[in-house]
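Visitor: Residue numbers for the sequence shown, in full-length UniProt numbering: 1 to 298.
A few of these clues could be false.
[Claimed, not checked] Derived Cβ-Cβ restraints for the label pairs, each shown as a range:
| hint | residue 1 | residue 2 | range |
| --- | --- | --- | --- |
| 1 | Leu198 | Ala264 | 21 to 29 Å |
| 2 | Pro262 | Ala95 | 45 to 53 Å |
| 3 | Pro248 | Asp156 | 27 to 35 Å |
| 4 | Arg56 | Gly235 | 52 to 60 Å |
| 5 | Ala282 | Glu252 | 39 to 47 Å |
| 6 | Pro113 | Pro262 | 30 to 38 Å |
| 7 | Pro248 | Gly43 | 49 to 57 Å |
| 8 | Ser25 | Val232 | 33 to 41 Å |
| 9 | Asp156 | Gly214 | 19 to 27 Å |
| 10 | Asp91 | Pro192 | 49 to 57 Å |
No lab work stands behind these hints: they were computed from the structure. We put the beta carbon where it would ideally sit given N, CA and C, even for glycine.
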Amino acid sequence: MNSLQSVDLNLLVVLEALLAERHVSRAATRLNKSQPAVSHALGRLRALLGDPLLVRRAGQLQPTARALELAPQLSEALHRMRQLLGPSRFDPATARRVFRLAMSDYGSAVLLPGLMRRLRRQAPGIDLMISQTGREGMLSQVMEGEIDLALAVCPDAPQGLHCQTLFQEEFVCVADAATPAAVELEAYLARPHASVALRPDMPKEVDLALAAIGRSRHVALVLPHWGPATRVVAGTDLVLTVARRILPARPEAEGLRVFPPPFAIPGFAFQQVWHPRRDGDAAHRWLREAIMELGAEL
Numbered sequence: 001m002n003s004l005q006s007v008d009l010n011l012l013v014v015l016e017a018l019l020a021e022r023h024v025s026r027a028a029t030r031l032n033k034s035q036p037a038v039s040h041a042l043g044r045l046r047a048l049l050g051d052p053l054l055v056r057r058a059g060q061l062q063p064t065a066r067a068l069e070l071a072p073q074l075s076e077a078l079h080r081m082r083q084l085l086g087p088s089r090f091d092p093a094t095a096r097r098v099f100r101l102a103m104s105d106y107g108s109a110v111l112l113p114g115l116m117r118r119l120r121r122q123a124p125g126i127d128l129m130i131s132q133t134g135r136e137g138m139l140s141q142v143m144e145g146e147i148d149l150a151l152a153v154c155p156d157a158p159q160g161l162h163c164q165t166l167f168q169e170e171f172v173c174v175a176d177a178a179t180p181a182a183v184e185l186e187a188y189l190a191r192p193h194a195s196v197a198l199r200p201d202m203p204k205e206v207d208l209a210l211a212a213i214g215r216s217r218h219v220a221l222v223l224p225h226w227g228p229a230t231r232v233v234a235g236t237d238l239v240l241t242v243a244r245r246i247l248p249a250r251p252e253a254e255g256l257r258v259f260p261p262p263f264a265i266p267g268f269a270f271q272q273v274w275h276p277r278r279d280g281d282a283a284h285r286w287l288r289e290a291i292m293e294l295g296a297e298l
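Assemble the whole structure, with the sequences as input and the hints as a guide.
Guide: Shown next, in the form of structure tokens:
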């Protein structure tokens, strides 16, 4: 039995970061410590608790049964200590932090320019690392602590994650500028279509909406990125049915015509998703609030 006087309580903060990040380097970044210092602290924790705590499997650190048992007690203990010592303070003007965000190129195109302008103006010491994967991959990374925040369409996020809607999105059609301002369903279906999907076999909202009325379209082009999609259709007979906010600011200047879909397509909620373990992090909370404000502006 270790007496409290013999225990360095800073080790508990290191253990919290290691359990959240499951990666020594990322835990060191989170704690603003060197990697050797965190590795040394992990060695002391193992000796103190008589357990490996984190073991390497398949190239990743995985918590032991003892570590999983300790995690909720540790979180509660540190939460109470932080409450006792005063509210967490965060000054964006002086803070230094790296956040890992996951988003598609839709999220990057819609939110990232405004977010970076705000960060460079209000919090120049905050850096972002952006990754892209499918929806299921993003949610798994949030659960595992590999990313701090996911920005995505997540109607079926797992229980235990926090989801906050940033805005509601709707679909519009984009075609060459020579296209009429209103296109009937039969004319829409008679033309070839461009479609955006991370994988060609992924279900698409447009095709699901068409199937609901017993119709289908011919997709002549499937590409994985929203960015070039609108530029592809100019000068062709292609139609692109796309989320409105991905459009260029002046479509007509790029030889494009925008018109409403000739059938009902449900819109979607674009959300930010994070793990409750981040709730006590004042910097993380500030970032979420900044993104929420950007969503409201959009």
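Visitor: Each of the hints needs a verdict: does it hold here or not?
Guide: Going down the list of hints, with the structure as the test:
1. Leu198 / Ala264: 21 to 29 Å: holds (25 Å)
2. Pro262 / Ala95: 45 to 53 Å: holds (50 Å)
3. Pro248 / Asp156: 27 to 35 Å: At 31 Å between Cβs, range holds.
4. Arg56 / Gly235: 52 to 60 Å: 54 Å Cβ-Cβ, so the 52 to 60 Å window holds.
5. Ala282 / Glu252: 39 to 47 Å: holds (45 Å)
6. Pro113 / Pro262: 30 to 38 Å: holds (32 Å)
7. Pro248 / Gly43: 49 to 57 Å: Between Pro248 and Gly43, where Cβ atoms are some 55 Å apart, the hint holds.
8. Ser25 / Val232: 33 to 41 Å: holds (40 Å)
9. Asp156 / Gly214: 19 to 27 Å: holds (26 Å)
10. Asp91 / Pro192: 49 to 57 Å: Once the Cβ atoms are compared, 54 Å apart, the range 49 to 57 Å for Pro192 and Asp91 holds.
In the structure shown, no violation is registered for any of the earlier numbered hints.
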